[in-house]
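Undergrad: Dock chain B against the given chain A, drawing on the hints supplied.
The residues making up each chain are set out below.
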Amino acid sequence: SAVISQKPSRDICQRGTSLTIQCQVDSQVTMMFWYRQQPGQSLTLIATANQGSEATYESGFVIDKFPISRPNLTFSTLTVSNMSPEDSSIYLCSIRVSPGDEQFFGPGTRLTVL
Amino acid sequence: GENVEQHPSTLSVQEGDSAVIKCTYSDSASNYFPWYKQELGKRPQLIIDIRSNVGEKKDQRIAVTLNKTAKHFSLHITETQPEDSAVYFCAASDSGAGSYQLTFGKGTKLSVIP
Numbered sequence: 001s002a003v004i005s006q007k008p009s010r011d012i013c014q015r016g017t018s019l020t021i022q023c024q025v026d027s028q029v030t031m032m033f034w035y036r037q038q039p040g041q042s043l044t045l046i047a048t049a050n051q052g053s054e055a056t057y058e059s060g061f062v063i064d065k066f067p068i069s070r071p072n073l074t075f076s077t078l079t080v081s082n083m084s085p086e087d088s089s090i091y092l093c094s095i096r097v098s099p100g101d102e103q104f105f106g107p108g109t110r111l112t113v114l
Numbered sequence: 001g002e003n004v005e006q007h008p009s010t011l012s013v014q015e016g017d018s019a020v021i022k023c024t025y026s027d028s029a030s031n032y033f034p035w036y037k038q039e040l041g042k043r044p045q046l047i048i049d050i051r052s053n054v055g056e057k058k059d060q061r062i063a064v065t066l067n068k069t070a071k072h073f074s075l076h077i078t079e080t081q082p083e084d085s086a087v088y089f090c091a092a093s094d095s096g097a098g099s100y101q102l103t104f105g106k107g108t109k110l111s112v113i114p
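So the protein sequences, as listed, match chains A and B.
Using my numbering, the first residue of the first sequence is number 1, and each one after it goes up by one.
Using my numbering, the first residue of the second sequence is number 1, and each one after it goes up by one.
Hints may be right or wrong, so weigh each one.
What the simulated footprint calls covered on chain B by chain A, stretch by stretch (three residues with Cβ under 8 angstroms from a Cβ of chain A suffice, anywhere in the stretch; the number is not a length) [what the hints assert, rightly or not]: (1) 9 to 16; (2) 43 to 54.
Simulated crosslink set (DSSO-like; lysine-lysine; CA at most 27 angstroms straight-line) [what the hints assert, rightly or not]: (3) B/K37 / B/K71; (4) A/K65 / B/K42; (5) B/K71 / A/K65; (6) B/K58 / B/K68; (7) A/K7 / B/K42; (8) B/K68 / A/K7.
The set of hints was computed from the structure by calculation and includes no laboratory data.
Idealized CB from N, CA, C, for every residue including glycine.
In isolation and in its complexed conformation, chain A is listed as follows (with noise of 0.2 angstroms):
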């Protein structure tokens, strides 16, 4: 199966700094999302990352907080912006090799915000 990468794998920032993270996959695959977990939370989906056009985000998540790039089938960046402490959280790139595939997650990046 494919191998997924993040970078940073943790981090710790000062209020009001933006941090990006970035997902790297060994291989192309179709689909790619982001996701954030929250300390002893389930998995909540920020957005699907669309190659050569804008995310796709969901319900309480904004382009300007957490803009996203994706420019080819194997990489993948979220920005955390402009940073508060209720950012803290770990951030998860997931992938979907094709539709309708199983889907697999990253390491995650722990962010903690100062």
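TA: Only chain B this time, still in chain A's reference frame:
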């Protein structure tokens, strides 16, 4: 949109006993139901899944059953071992709608007591 309810939220069993986790979903169009295991500090790992054209699927000590009429599905773990201790998430997806988004339950923390 889809809503997935998962019960119980915590479950403790003696080593060697069976564990059952139940989920219900709201959208009758959902047709793909994966289960993920998440150990502390790790990414969610897909352990088994079932599609709507199948009523039961088994993989060694784990099995999943699906009742489409009642809109519920369950995870069964037999002969539990301490390494089964983790948080388990169920999810549902409507592949036919084209979004392929997974909606997750809130999770069940399983503790296997040696």
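Undergrad: Hints first: check each against the structure and report whether it holds.
TA: Going through the hints against the structure:
1. 9 to 16: As far as the region 9 to 16 of chain B goes, the hint is violated, because 0 residues have Cβ atoms under 8 angstroms from chain A.
2. 43 to 54: With 5 residues closer than 8 angstroms to chain A, the region 43 to 54 of chain B meets the three-residue bar; holds.
3. B/K37 / B/K71: Holds - the C-alpha atoms of B/K71 and B/K37 are around 22 angstroms apart, at most 27 angstroms.
4. A/K65 / B/K42: holds, 26 angstroms
5. B/K71 / A/K65: Violated: B/K71 and A/K65 sit about 36 angstroms apart, past 27 angstroms.
6. B/K58 / B/K68: Since the Cα atoms of B/K58 and B/K68 sit roughly 18 angstroms apart, the hinted pair holds (cutoff 27 angstroms).
7. A/K7 / B/K42: Holds: A/K7 and B/K42 sit about 15 angstroms apart, inside 27 angstroms.
8. B/K68 / A/K7: Distance ~40 angstroms between B/K68 and A/K7 Cα, so the pair is violated.
This entry does not satisfy hints 1, 5 and 8, going by the numbered hints stated previously.
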